[in-house]
Amino acid sequence: MSKSIANTRSATGIPSARLITWWVIASEIVIFGGLLASYSMHRLGHPEWQSSAAHTNTWAGAFNTLVLLTSSLSAVLAHKAADGGNGAQAAKYLRLTILGGAIFLAVKAFEWTTEIREGFTLPAGGFWSFYYTLTGLHGLHVLAGMLIMLVIAADAAKNEELQRVECVGLYWHFVDIVWIFLFPLLYIAR
Amino acid sequence: MSTQLHAAEPGIFRKYLWSTDHKIISMQYLFTGMVMGLVGGYLAYVFRMQLAFPNRDVPGFGLVTPGKYNALVTMHGTIMIFWVAMPVLVAAFGNFLIPLMIGCDDMAFPRINRLSYQIFFFSTVVLLSSFLVKGGAFGGSWTAYPPLSAKGAYNLTPAGASLWLIAVVLEFVAFLLGGVNFVVTAMNGRAPGMKMYDLPMVVWLIVLASIMFMASVGPLVAGAVMLLFDQTLATGFYDPARGGDPLLWQHLFWFFGHPEVYVVLLPAIGIVADVLAVFARKKLFGYRTILYTAWATAVLSFVVWAHHQFIAGIDPRMANIFSITTLIISIPIAEMVFVYIATLYGGSIRFTTPMLWALAFIAEFLIGGVTGIFLGASGADIYLHDTYFVIAHFHYTFVPIAVIGTFAGLTFWYPKMFGRMMNETLGKIHFWGTIVGFNVVFIPLFITGAAGDQRRVYNYALFPEQARPELQHLRTLSTIGLLVMLASQLPFLFNFIWSLRHGERAEANPWRSNTLEWTVASPPPHGNFAEMPTVYRGPYEYGTPGRSEDYWPQNVPDEVLQRP
Amino acid sequence: MLQRFLTGASSYSHSVDHLIFLVAAIVGFWLLAAEGALFWLMFKFRHREGRGPQYITGEEKHLTRWISIPHSLVILCDIVIIVYAVTVWVNIKQTLPPAGQTVRIYGQQWTWSFQQPGPDGVLDTADDIRTVGELHVRAGTTYHFELVSRDTVHSFSVPAFRLKQDALPGRVITGWFLPTRPGTYDIQCTQMCGLGHALMAARVVVETPQEHAAWLQRASNPSLAAQTVPPATAVAPAIATVAEVRP
Amino acid sequence: MSNETHLHHPNYVKVWAVLVVLLAVSVLGSLTSIRWLILITAFGVAVVKAYLVAKNFMHVTIEKRFVPYLLVTCLVFMALLFAGVAPDVMKHSGLHWENSAAKQAVESGTHNAAPKHE
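Protein chains in written order, with our numbering: chain E, 24 to 213; chain U, 73 to 636; chain Z, 4 to 250; chain B, 41 to 158.
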């Protein structure tokens, strides 16, 4: 299917694919923002949640931050490669990013299983409810990003749709930024 | 995001059900919305009959028990806002008009557009299926305040409550996908020469509505996830006994809920602006004034939400802030209405059916607007909150929006959508029946509300002050009005269906309008424009001095306009 | 104005009525003016043969006056309304005049119950009087209420008092009223609270000091009360109806 | 993306290295028991990290102006949401109201610091 003319026009000077990514990110900001605002005001009002928060694994969280930061690096390197027209290299970097996402989710799964074994399940208290909801929603975004990247990497390897590399990268950086705030909010704050 | 490439093989299925053409998707939204409108109207019929003739079998339904009554009012509210006003005003008109009016072939992302409708359709199925589950449909009112909505033990419809919530969230996702598409298309896809200030008002306001929707719905999506967990996974986000707070939901709901009013208002206002200009043969009185007041309203609407919660247990000092912001929002809206009225000055008004609807919109919306002042004034709201006064007030805003505004748009663009003219006589019968019926429904309700009738009550027998016969007469009168209003939709339905085949064939520009959609054949072919248009001026150049014609289409170059 | 629809029976019912009247007068004027202008323009500029439309952009100074002057007046009216509305609000919801008596109000699915001090005049003592569906108060005494919900959100509404306040589970919300006119008035629940929302009716009985003293005596002597105080309302059978409907 | 000028790509590895150092700072900060230090190294550093990612990886600063405005507007709306809701939800008492359930939860929670198993 050929692209719609509307898609190829760019009256704002921003290509449509990137423009829609920005709008998606804006709408995601308010989704995460609403949840984070709800969590923050509860956390500030409930000092007793500290005892629950102390059970999160700061080292696992820190390692995951490192993983996401690194995957952001490979995502932006993929963008650079795509910008230079090197689809094969872009695909390679995208797959590295996917690998980073996979490691992130694996660590997350390890954390969740440990915590659930210790009895800290979703309904085990206000902090845990927010913890699983926040990390779960974020994890879903990681997963979605990985799936999208899988498709885009396959196209990029054939030097097709290279502009999408940058867009999925933007999305990935946004997910990274969300985690940058989740890390102190859930693991460090006391 | 699907990346499969579909070959353009136009079978029936591909053409009408799996199409990525914005016009087809618009029709899908339109027809789904119209069917849901019939459902919502039927629900209103049932509960108004119960209120007029308590505890008698309602023809076509049966006995209305308290539980059924709650489900009826809940679903009426939910359906009319999320499954009628949103799909028809934002999605159907947005899909149909944006690409045509900005002069391009389709949405920027046609497949995301199709996905949006598919999710919406799925949400419709989920919502309707909740009528069939054990316990029946959700009855905790469309605001779904927890703990009532969170615990099956309280609402007695655990399955219905969860299905309701899932349906609403899916609907939000559908409109988020649709909304980003609208915004990007209008921003990027404009024809050469078309500046942002050359956009027809309806496009501007649908885009603004989509932006508002995007910016406000997020917290409620998060809140809905939390509520769903409360319902199904035994969390305690809204359970005070477990560190949660039921007020949180109310805030998240109304942080979205109030902008949502303007999300559906703005497209209707836009439709009215376009219809008004065409049939008054007048340039809008201050295009930019309308635009700026719309922006001001949009921004302000994010800081007024707690006026829905004055007496909900929020800190009383906060109520003062929200009372002030609420009255401030009346300033841009008043300005906007004045500008609409002023647009008629110096016009040459043709009272066609679409114009009647547009004028009725202004006349009726004024009533809805001014009665809002009573409720925004915190001191008066203590008494009027959650009475029928509120119901009458917001129906005087929502009916002009979702009924009158929609009919203004439908009758105006029908020739373009289907290539046939509608019957004017039937259109006028429909108009007068609807308008008279509508006023007879809701004027009595202002009075019963002022007399203290509280909402969502299936029978006032236990409240001597409310069970007075004079109030009961008013309720009966209101129900009679509804019957008139509903019966008046029959000529419309007949007209709509009959004209599809037998209406007079519409030429490309039957209303002699300026905007780009009228420069292509009716109905527009796939791809819309044989040759992509270039735009030379704004959309409202009517009655320009020195021209033989009283209109001046946007795509006609300047040199051609010298008289032949 | 509201008095015509429903009696006012508390010290602040008049201020609410006055506010509503003020708003009605102001917005009524604007509504009539705007509708008048709309219909006049519709008539004046209807299409007639030989008369084309004028070309007006809406930037002409002598014409924009017609918008900007009414608009400034609207702002002025808004300020008047805000000031009065906030005054009434502050008086009813924010100030708390000294209490003559304190009652506790419980909302639960689907009934209102009340706890008020017995002869000793102190709440939370052994002689407290607990009633269901009926609140007895003395005219001329300032009451504080502590509003509590036992399950979902309810809203305690006494239209004759012009009083309304939601009851939230987990919270105690304090407010006040001063009944002035003896009589029996409706108590409603105005927040959707489930199946029996429409059945959540109660009464507030405003009594003269003598009547109230007599009631107090009867109520604080349970054996006597059981015989002489029949439920004044049909609430009890209504609840039974709900119980049948409940699956 | 034919009509787009190629943007200048900064040295991304360098940016990444700075981010990792900042991460180390916040982790080290969390090991201390000085409350203000923990909060600054956690949230102050998070803001800096987010800014670095947005600036260098997302190129927000060289994007068309309205994009950063849009994102900031969304954040401002969230701040407004917080400001409007916190007086009711974060605080547990106010003018003529008291969230006794929340107060009780705080009290019982801080007394027996053991995790809640419900």
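None of these hints come from the bench; they were simulated from the model.
Beta carbons are placed, not taken as given, at the ideal position from N, Cα and C, and that holds for glycine.
Keep in mind that a hint or two might mislead.
[Unchecked claim] Only pairs whose alpha carbons sit at most 27 Å apart, straight line, appear in this in silico DSSO-like list of lysine-lysine:
1) Lys26/E - Lys181/E
2) Lys95/B - Lys54/B
3) Lys95/B - Lys115/E
4) Lys223/U - Lys95/B
5) Lys95/U - Lys206/U
6) Lys131/E - Lys26/E
7) Lys115/E - Lys131/E
8) Lys64/Z - Lys500/U
9) Lys26/E - Lys95/U
10) Lys223/U - Lys104/B
11) Lys267/U - Lys47/Z
12) Lys26/E - Lys223/U
13) Lys103/E - Lys131/B
14) Lys64/Z - Lys47/Z
15) Lys131/B - Lys26/E
16) Lys103/E - Lys26/E
17) Lys54/B - Lys104/B
18) Lys223/U - Lys206/U
19) Lys54/B - Lys115/E
20) Lys267/U - Lys26/E
21) Lys143/B - Lys131/B
22) Lys143/B - Lys267/U
23) Lys103/E - Lys143/B
24) Lys103/E - Lys54/B
25) Lys115/E - Lys103/E
26) Lys103/E - Lys181/E
[Said to hold, decoys possible] A short, non-exhaustive set of chain Z residues, derived as facing chain U with CB atoms under 8 Å:
27) Val83
28) Thr134
29) Glu137
30) Gly197
Structure versus earlier hints - violations, ascending order
Result: hints 4, 5, 6, 8, 10, 11, 12, 13, 15, 22, 23, 27, 28 and 29 break, sorted rising.
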